[in-house]
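K.L.:
Got two chains here, each in a separate frame; can you build the complex from them with the hints?
Protein sequences appear in the order of chains R and G. Numbers in my numbering are just positions in the first sequence, counted from 1, shifted up by 55. Numbers in my numbering are just positions in the second sequence, counted from 1, shifted up by 704.
Hints listed in this document are in silico derivations from the structure and should not be mistaken for laboratory results. Among the clues, some could well be false.
[Said to hold, decoys possible] In silico lysine-lysine, DSBU-like type, Cα no more than 35 angstroms apart, as pairs:
| # | chain 1 | residue 1 | chain 2 | residue 2 |
| --- | --- | --- | --- | --- |
| 1 | G | 793 | G | 849 |
| 2 | R | 105 | G | 852 |
| 3 | G | 934 | R | 114 |
| 4 | R | 61 | G | 934 |
| 5 | R | 114 | G | 932 |
| 6 | G | 816 | G | 749 |
| 7 | R | 95 | G | 1061 |
| 8 | R | 105 | G | 749 |
| 9 | G | 758 | R | 149 |
| 10 | G | 758 | R | 95 |
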Amino acid sequence: MTEAVKFSDDTVLDLARYFRFQWEPVQEAHVLLYPEGMVKLSGSAGEIMKRVNGSATVKSIIEDLGKTFPGIDLRNDVMGFLEVAHGNGWIRVKQG
Amino acid sequence: METAGSASSRAKVSNPLWLLAEVTYKCPLHCVFCYNPTDYTTFGKELSTDEWLKVLRESREIGATQLGFSGGEPLVRDDLEILVAEARKLGYYSNLITSGVGLNEKRIAAFKEGGLDHIQLSFQDSTREMNDFLSSTKTFELKSKVAKLIQQYDYPMVLNVVLHRMNIDHTYQILEMAEAMGAEYVELANTQYYGWALVNRDQLLPTREQLERAEAMTNKFRERVGSKMKIYFVVPDYYADRPKACMNGWGAVFITVQADGTVLPCHEARMLPGLTFPNAKDHDMRWIWYESPGFNTYRGDGWMKEPCRTCPEKVKDFGGCRCQAFMLTGDATNADPVCSLSPHHHIVTEAVARAQKPAMPVTVHPIVFRDDKSSREFSKKTEPAAPAQV
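Chain G extracted, bound-state conformation (with noise of 0.2 angstroms):
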C-alpha cells in the first residue's frame, strides 16, 4: 500500500543530518524523567560491536553528520572506545550523551586520542540530596569529580539539567553550581513527558509560577555572567500553545538507533500502534531512510487530519508530536493537543491545572523510578503506562 509522503514525493525527502545512536538501555541511575522508553526490558539483544559499526558507517554515507551516543548509560558498553575512534576516523561530528557514571581518566583519554568531539554531562540538581534522590542514586561527588576531569581533557564543559517540579525552584543554584564547575554551555531543559517521565507526570510538571520565577532567574543569572555561559532555557511545551516542531518533522533529519537495532524516526516512536520498524541488522540504513514503510507514514503532510490539514502554520510545526497525540489522544494522525487549535486540548490544559494544586502526597501516587523491576511490570501490562486522567 502506498503511504502518503513515499513515492510521489521520493524526491523531496532530504539526507538524514543526525544520528542518536541509544547503544544501552542500562543504566545505574534510577531518574524519575528518564524518556527511555518503559518496556525496555522486553526488547531483544543489544547490537554486537560489528553491528554497530556497520550503523555507524551505513549512517555517514547518507549524510549523517552529528552523532550522539546515548542510551540508557553509553559508558556501560565497554566497546565505546572503539565506536568512538571509528566515528570520527567516518567523519562525524561526536558527542557523549553521559551521567557520567563510569567514566574515569583512562576511558577519557581514550576517547579524546579516538576523537570524541564533545561531552554532555547530566546533572539533576545542584544539591547532593536532591540530585540523588531524582536519580535514586549516590553520584553528585562523582559528576563533580567528572567535570574537572572534562576540562582537564579541553572539552567544552558542556552540562544538562532537567527541570520539573521538585528541582525548579533551585534554578539559581543550579546555575551557581554550574559556574563553579565552569560550564561554558548550560541547557536548563524541562521535562518532556515520555516514558517514565509520563508515568510521573502529576509528580514532575511545575506550576506556572515556578515556571515564571524560573525564567526571571535565569535571565538574572545571565545578566550577571554576560557572554561566558551559554544557558538555554528550554519550556516545557505543555505551557506553550503551540506544539514544537517536532525531530524538525518526521524522517527529515533524525533517525534513532535503538540498542537491539530498531530504526527509529525519534526516540519514542517504537510507541506507535500499527507501525513496524525496521532493524538495522536486517536492513541497510539507506532503504530505512528513504524506503521503509514507518519512515514514510508521517512524512510531509499528506496524513495530517484538521486542524492542521489547512493550517498555516503546518510548515513550522508540522502538527507536533506525533508519539504525543497518540498518548494523549490515542491516534497519532490527531494534532499534537499542547496546540491551542486541537480539539483535545482539554487535555493538557486539565494536566496544567492539575499542576497548581498542591503536589499528590507520594503515598497516594508514588513516584516511579525506572529499574528493570518496574520496566518488567509494565510490559506485563498491554496497555501503554501512561498516568490516570484524573
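Bound-form chain R, shown alone (with noise of 0.2 angstroms):
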C-alpha cells in the first residue's frame, strides 16, 4: 500500500532498493530492472529518472531539466511523474 506523498522542494529521491536504472541500446530507451521483471521508460520518464541518484533534491531535478529543455515550464509534469513513480515503488523518499 502506498499513500500519496507531497514532495518539498527540499525531498531527496533514489532509486527504489533493489531498483537499477540503465539505457538499452536494443530498445532504444531507459529502463528499470527489479527482480522478474523490467519497466521501459519513455523518453521523458528516462530523462527524469536518469537524475533520481540519492543526492539530487526534488528542486534540483527540477531545475537541471529546465537546463536541458529550456523554455518550458515542466514542473507539473516532473511532479506528477515523481508521484506515480513513487506509487509504483520505483523511487524513495531519503531519509536525510
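P.N.:
Written out as C-alpha cells, the structure reads:
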C-alpha cells in the first residue's frame, strides 16, 4: 500500500531498493530493472529518472531538466511523474 | 523449407528479454518435482567458462536483460563467480536460483562484489522431516543458515516453495517460516508437470479441496502481514480451464541455454520430436534467436490447428504450452489440453479426477527421486517418461 506523498522542494529521492536504472541500446530506451521484471521508460520519464540519484533534491531535478529543455515549465509534469514513480515503488524518499 | 512464422513475419520478431542459464545438471538434491529433463545423464559435456561467457555476451547484444543462473544446482560450478561478474559488466540484472547447498560466506561475498543482483532460495517445506524427504537429503538446517547469509549481504529475501499434494496442507506453516526468516517475497508455486514431476504426477497433484484450503490459508496470512511480505500463489494449470501463456509465446522473450549448450525457447522444448535445436558452441545467439528453425517453428499462429486457429483468445495464451500438448496428446501442434475447448481436455480432467481419490500407496507406484541412476534408466527407454494413463 502506498499513500499519496507530496514531495517538497527539498525532498531527496533515490531509486527503490534493488532497482537499477540503465540505458538499453537494443530497445533504445532507459529501463528500470528489478527482480523478475523490467519497466521500459518513455523518453521524458528516462530524462527525469536519470536525475534521481540519491543526492539531488526535487528542486534541483526540476532545475537541471530546465537547463536541458529551456523555455518550458516542467514543474507540474515532473512532480506528477515522480508521484506516479513513487506510487509504483520505483523510487523512495531518502531519509536525511 | 519455410516454416510458419519465419521469413514472412521476420519483422515482427522482438528481441529476447530473458536468458536462463542452466549451467549444470549436477545437483546435490534429488527433488521428486524437478522439471529437469529425465534423461539429463545422456547430455554432452557442460560448456566451459569461455563458452558460457560467449553465451552471455551474445545474448546481451541481442537485448536480454534478465539473467537467471539455474540448473541443477548452479553453485556446483566453481566458475560461477566469474560468470556473475561478467554478467554485471555486460549490464544484466542477474538472479541466482539455488537450493542454497554450496553457498557459504566466501562465495556470497564474491557474488556481491561481482554484482549479483538477487538470490532466489528454494525450500521444499517448513518442517525438517518433509523438507529432507522431498529433496531426499538433509538440508533444512543449511537452508536456514543460507537465508541468514542472504540477508546479511543485503539481498532481497526471495523464497520459492514448490507446492504439491504432500506439503500443500502446510501452506500456513510454510508462510510462518518465511516470515520468521524475514522473507520479502514468497512464491508458492504449485508443481508444473514436466520432467520428474510428470513421472510422479499421481503422487504430487493435490486435490481440489487441498488447493482451495491452501488459497484460503494464503489469503488469511496476507491479511495478517499486510504489505511487508509479497506472496505469489501459482495455481497448478491442471485446475485451470484455460492454458498458461507459456513463455509469453514461443521465441517471444525467453531463451534457455542448457548445460551442454543446447539453446531452447523454453526449459522443456528439447523433448519435442522433429525439431533440432542449435548449440551455442556452433552458432551465434543472434542467428539462433532470429534465424534458427527451432526458434521459428511455433512463432506466431501459423502452426495452430483448431480450436486455437480461430479462437479469439489465441492472442492471450498462444495455445498454451507446446511441450504439455506433446506430452499429453502426442502432437505439439494441438491445443494445450488444459484448455476446456481442447478435444483432449479429458486427459487433464481424468488426472484431476484421480487426484481426488486417496493417494496410491507408494508400494504400488513408487515415487521417483531425481538422480543419475533413475535418469540412466529413463534414458534407455525410447518413449519420453510419462505416468501410466490409468
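K.L.:
With reference to the structure, classify each hint as holding or not holding.
P.N.:
A quick look at each hint next to the structure:
1. 793(G) - 849(G): holds, 29 angstroms
2. 105(R) - 852(G): holds, 34 angstroms
3. 934(G) - 114(R): holds, 33 angstroms
4. 61(R) - 934(G): holds, 26 angstroms
5. 114(R) - 932(G): Distance of about 31 angstroms is within 35 angstroms: holds.
6. 816(G) - 749(G): Cα-Cα ~29 angstroms, so holds.
7. 95(R) - 1061(G): violated, 48 angstroms
8. 105(R) - 749(G): violated, 44 angstroms
9. 758(G) - 149(R): violated, 39 angstroms
10. 758(G) - 95(R): Measuring from Cα to Cα gives roughly 26 angstroms; hence the hint holds.
Violated hints for the displayed structure, listed by number in ascending order: 7, 8 and 9.
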